[in-house]
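Keeping their order, the protein sequence lines are chains H and S. Numbering follows the numbering used here, with no gaps: position 134 of the first sequence is 194. Numbering follows the numbering used here, with no gaps: position 156 of the second sequence is 157.
Possibly wrong hints are sitting among the right ones.
[As the list claims (entries may be wrong)] For lysine-lysine, the following BS3-like pairs were computed, each having C-alpha atoms within a straight-line distance of at most 25 Å: (1) K76/H to K107/H; (2) K107/H to K216/H; (3) K7/S to K138/H; (4) K166/H to K81/H; (5) K198/S to K125/S; (6) K138/H to K198/S; (7) K138/H to K216/H; (8) K144/S to K191/S; (9) K198/S to K143/S; (10) K179/H to K107/H; (11) K125/S to K138/H; (12) K138/H to K12/S.
[Unchecked claim] So the derived list for chain H, only partly shown, Cβ under 10 Å to chain S, looks like this: (13) M141; (14) V151; (15) I311; (16) L314; (17) R368; (18) L374; (19) R375.
These are computed hints drawn from the structure, not numbers from a lab. The beta carbon of each residue, even a glycine, is placed where N, CA and C say it ideally should be.
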Amino acid sequence: MYGGGTTFEGIKAEKKDDPVKLAEFEARIERGEKIEPTDWMPALYRKQLIRMIEQHAHSEIIGALPEGTWITRAPGFKRKMALMAKVQDEVGHAQLLYSAAETLGKSREEMIDDLINGKSKYSNIFNYPTFTWADCCFISWLVDAGAIVNQLANAKGSYGPYCRALDRICAEESFHLKYGHHCVIYLAAGTEIQRQMFQDALNRWWPPMMHFFGPSDKISVHSDTLMKWKVKMGSNDDMRNQFLDMYVPKIRELGFVIPDPKLNKNEETGRWEYTEPDWEEFKRVINGDGPCNKERLAVRRTAEERGRWVREALRSPKTVYQMPLA
Amino acid sequence: MSDALKELIYKIADDQFILGHRNSEWTGFGPMLEEDIAFSSMAQDKIGHSFALYTMLRELGEQDPDTVAFTRNANQFHNCIFVELPNGEYDFSLVRHFLFDTAEALRFEMLLNSSYEPLALLAKKIRGELRYHTIHANTFLKKLGSGTEESISRLQKSLDYSLPYAMGMFEPSPYESELISEGIFGGEEKLREQWTKKLRK
Ligand SMILES: [Fe+2]
Ligand SMILES: [Fe+2]
Ligand SMILES: [Fe+2]
């Protein structure tokens, strides 16, 4: 998942499922087999997967916007070429993911409509603005790093088309991560102004980065069913902990200060301790009241409206995807 | 000959550089994801070509590509107005892509025989990429040109709007006769003729 902030709702299993088929389905997952589009699956499984893959896909196209806005302004050929390729990859990820979700019976058009109507969410972090080039570098390095933590976990899930899409996506993400890291190293080794630029970006982005993995386990809805079905692959706090484990040392190594005086690894428990993120802000932003929600959706809406005549002119029954690209 | 050559390379490079930027503005904004991706590929190719050309200028005594590309003032650019125009809606961008890339492919085809070896080598190297661009333009123009009433009339309008601007692509250089006689480039006039012939098809 791009943002582990996936919201799961209505996760009470419906009792309508055929118990024999359900047992067989669960046994397959237990054995580590992948579920394929034409296999039997519980309605809840289908519903939650669509929801999750769709949110992931939306996060990729909305996520292309805060970085995309820096393409024309990227400093120099080298960065510009890399950033263009990176953001293009993100759009490609959306394409792969929408087609993976389509195998579950919801069309890309319907998914994008739900995004524009606000019915379907995307990763909350993209509702924050990229004021400077350093903000863009933060995303390329650390937001992508967070995405990889989630995506590697989800690639071990049970739904075949999603897992295969994620395998391809993760391979590309590792290039993004390297690119982002280089951008930040360059700023870290630069002038005082360049160093300060990234420090400021870090100060701005740390709270949304902590939100990125979703509400703390203490307050989020658990679902043993989704865990058992390998839809959700780890708890939000586990993912957050893994991210902190991998990246706090790297950030500090470059001489930057993470704006949380309580941030510290408890060596006994192996868990990171930190100031509890402001979950009220998270809720507020995910429900539409963040600094860029309106702008992001307005861009998407305009693109959809302006592009409608193109899609209509191209539409023919032959162009409906049934099989995933990955 | 150096001034004539530089003027030619600047002109080609700046056209590519500016249109590459315009193409990149479709990222996240296309009528469908496939077109975001296609326009981004073209943006990367164009900006990549401009980089190769600015690097060539470096050999001819100009400053490094980053300085040349990113620190000149607007009045020091040699591009035509056509590539600068805002993207507008997809119909205009597609028509511009078609008109420009058709001319671009022909220009580099002519440059395959350039007496200036670096240009001839570059032309050979990017031949495949350029072909991909014209295929993309032709395919979409054909599909949308036979799609709905709206798509047909939009393309027609954009074509009418674009054609006068497109002529700017063939503005002769002050050194035109020198370029031709030295065998560096066959000339804008000849290019325009070939382009017009191609469009008629
Ligand atoms: Fe991605
Ligand atoms: Fe990303
Ligand atoms: Fe990425």
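* **Ascending list of hint numbers which this structure does not respect** => 6, 7, 8, 15, 16
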